[in-house]
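**Student:** Chains as they are written, first to last, in the numbering used here: chain A, 1 to 246; chain B, 247 to 649.
Keep in mind the hints are simulated off the structure, nothing from the lab.
Some clues are possibly wrong.
Stated by the list, open to error - Just so you have them, the derived chain A footprint on chain B, three or more residues with Cβ under 8 Å:
id, stretch
1, 351-358
2, 551-562
3, 565-574
4, 638-646
All figures in this text were calculated on a predicted structure; none of them were measured in a lab.
Using N, Cα and C, we set each Cβ at its ideal position, and we do this for glycine too.
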Amino acid sequence: MALIELVGIERVFHLGDSVVRALDGIHLSIAAGEYVSIVGQSGSGKSTLLNMLGLLDRPDAGTYHLEGRDVTTLSPDEQAAVRSRRIGFVFQSFHLVPRLTAAENIALPLMLAGALPDERDARVQRALREFGLENRARHRPDELSGGQRQRVAIARATIMQPALLLADEPTGNLDRATGEEVIRLLEALNAGGVTLLLVTHDAALAGHARRQLVMEDGRLRHDSAAGGLQHESGGGSPAAPVSGGV
Amino acid sequence: MRRADILRFSRDAALGAPLRSALSVLAMAIGVAAVVVLTALGDGARRYVVSQFTALGSNLVIVLPGRSATGGFNPANVITTTPRDLTVDDAAALLAAPAVRRLAPLAVGTSEISFGGRLREVVVAGSTASLKDVRKYQLEPGSHFLPDDDAQRAAPVAVVGAKIRDEVFGTQPAIGQLIRLGDRRLRVIGILKASGQGMGMNTDELVVVPVALAQSLFNSNTLFRIMVEARSRDQIEAAKAQALEILKARHGGEEDVTVITQDAVLATFDKLLGALTAAVAGIAAISLLVAGILVMNVMLVAVSQRTAEIGLLKALGARGGSIRLAFLSEAAMISLAGAMAGYLLGQAGAFTLRALFPVFPAYPPGWAVAAALLTALATGLLFGLLPARRAAGLDPVQALMRH
Ligand SMILES: Nc1ncnc2c1ncn2[C@@H]1O[C@H](COP(=O)(O)OP(=O)(O)OP(=O)(O)O)[C@@H](O)[C@H]1O
Ligand SMILES: [Mg+2]
Numbered sequence: 001m002a003l004i005e006l007v008g009i010e011r012v013f014h015l016g017d018s019v020v021r022a023l024d025g026i027h028l029s030i031a032a033g034e035y036v037s038i039v040g041q042s043g044s045g046k047s048t049l050l051n052m053l054g055l056l057d058r059p060d061a062g063t064y065h066l067e068g069r070d071v072t073t074l075s076p077d078e079q080a081a082v083r084s085r086r087i088g089f090v091f092q093s094f095h096l097v098p099r100l101t102a103a104e105n106i107a108l109p110l111m112l113a114g115a116l117p118d119e120r121d122a123r124v125q126r127a128l129r130e131f132g133l134e135n136r137a138r139h140r141p142d143e144l145s146g147g148q149r150q151r152v153a154i155a156r157a158t159i160m161q162p163a164l165l166l167a168d169e170p171t172g173n174l175d176r177a178t179g180e181e182v183i184r185l186l187e188a189l190n191a192g193g194v195t196l197l198l199v200t201h202d203a204a205l206a207g208h209a210r211r212q213l214v215m216e217d218g219r220l221r222h223d224s225a226a227g228g229l230q231h232e233s234g235g236g237s238p239a240a241p242v243s244g245g246v
Numbered sequence: 247m248r249r250a251d252i253l254r255f256s257r258d259a260a261l262g263a264p265l266r267s268a269l270s271v272l273a274m275a276i277g278v279a280a281v282v283v284l285t286a287l288g289d290g291a292r293r294y295v296v297s298q299f300t301a302l303g304s305n306l307v308i309v310l311p312g313r314s315a316t317g318g319f320n321p322a323n324v325i326t327t328t329p330r331d332l333t334v335d336d337a338a339a340l341l342a343a344p345a346v347r348r349l350a351p352l353a354v355g356t357s358e359i360s361f362g363g364r365l366r367e368v369v370v371a372g373s374t375a376s377l378k379d380v381r382k383y384q385l386e387p388g389s390h391f392l393p394d395d396d397a398q399r400a401a402p403v404a405v406v407g408a409k410i411r412d413e414v415f416g417t418q419p420a421i422g423q424l425i426r427l428g429d430r431r432l433r434v435i436g437i438l439k440a441s442g443q444g445m446g447m448n449t450d451e452l453v454v455v456p457v458a459l460a461q462s463l464f465n466s467n468t469l470f471r472i473m474v475e476a477r478s479r480d481q482i483e484a485a486k487a488q489a490l491e492i493l494k495a496r497h498g499g500e501e502d503v504t505v506i507t508q509d510a511v512l513a514t515f516d517k518l519l520g521a522l523t524a525a526v527a528g529i530a531a532i533s534l535l536v537a538g539i540l541v542m543n544v545m546l547v548a549v550s551q552r553t554a555e556i557g558l559l560k561a562l563g564a565r566g567g568s569i570r571l572a573f574l575s576e577a578a579m580i581s582l583a584g585a586m587a588g589y590l591l592g593q594a595g596a597f598t599l600r601a602l603f604p605v606f607p608a609y610p611p612g613w614a615v616a617a618a619l620l621t622a623l624a625t626g627l628l629f630g631l632l633p634a635r636r637a638a639g640l641d642p643v644q645a646l647m648r649h
């Protein structure tokens, strides 16, 4: 059974008179444990897709099955519970809470899930060790380097041991060396069994992934797992007609 | 999310923006302090007046000659012509009324006191031993009051007010001295303590003598008043009715006396000043409302400044309810801190007032303090509701895009 099963997902934004089809008929199946990179031009819908997969956004049409369960029809609280237990987010801008220490930031998902303080501390200590942050536990985000901040964010994203890790340009704010270090960390987590979806602008980084998706104007232009071009996009033609919808 | 975690999270959030939180706390504190101090002033005024009245004697019913149309307290009573005099026998007859605990007849006139060549005009009150208890007179050490309740006996003794003592005897001991009052020679047996209070008949310049002596001094056998003390507060009306009935019977079925109760006058003042205090509290409470609106705005600013954080919390699996609760408890904490600070500030203000004006009992009434604290908390929560709901309702994707 696939971890993620998207059928005919549409997401339309209305901006005044103009209509933006951010996701335009997405069909996608991802198995548990896969490592998938997503590339595409700016505005092609990568973040929108990731938000959809992370249950932060609802599709206007189509269905989304996560671990065999239709999650598009869940109530907001039920979706929050799924996010809490099954999904981890890593963002380009880290999104650490500035007034909380590294340890407290990592503990946030546990706290929100209502874990007991003792269990919380034990798990946070273990995470701090695993991510090489023992000496930074009591530091606030503004006392950490970019790489350390992203490591805190990744530790936070994985503290609940989610099945799915969604990373939207996690290296976008980091220099090359630090970025590669973060990617190695994410790949190690993937090697440990977590399904990893990585959005990036960096073709070289995208090449690391066993499966690569290319998006264009809200559609999947290319899926390496499908052995080439997707659907009817028109035999490798660079000027695929993707304006109005099907 | 566990309750302790919500509280800790909210506390850290409030402390994370110290200036913003301090401003809200200050506004709330000023509102509560205003209520506390202003009601302390209002209620202090009420207590002051009430205590001045009760210093005249409690459960007092006053019988005066002459009929008044209204039956209530009326300055016209004082100058009503007297169809039939009040006598000491009338007074004695009133003792038969079951609601009457004790009474004192009162004959009043002016005379001249002289001692050692010093001469002074004084107000003379003729009464009996009961006057001391009816009017709650305080005596100086070594003093005696009038010896007996027998209205017919005219023992040649006098009790003088503190000011008379000072002016007539100077530094000499007054008790035991013989004085001349009009054409009588009397022995001073007691001194009334200085009351220093301005309301009612000033005892400082009074000379009290047995009623029979006063009447013969003034050459009249009428009474100015009969001061009656009812058995309890509840018995005041009964005492009034019984006194009227007895005197009517004695005066040939004619209702030619007026009976007034101090209670009625007091109740009017009490009500008036109580209403004043409530009005002042209401006006002060407006500042609490303003503080509530300020808390709301500060919380709205907090929500918009922490939009990205709220988006993050949602991404991490926070339910809308948890976020709402976190912001509500932040507003509640700010209000509570403000209410406590305001309470202390207000009590300090009331304390300062009492220190500056010792005769003025400026204590905030309990109901006002409770109402101020509750209003502060309620407005804080009420005005915290909108920002909290706004936070909980934020779209996570939009929220995460804000930095
Ligand atoms: N809230 C919104 N309202 C209106 N249009 C939106 C909204 N969010 C996204 N869009 C539009 O949807 C399209 C896809 O946006 P998306 O953020 O998914 O692109 P992206 O591939 O992540 O781009 P980038 O590489 O720049 O991050 C864009 O045209 C964008 O303008
Ligand atoms: Mg994007």
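**Student:** In ascending order, which of the hints set out earlier in this document are inconsistent with the structure?
**Tutor:** Per hint list: single violation, 1.
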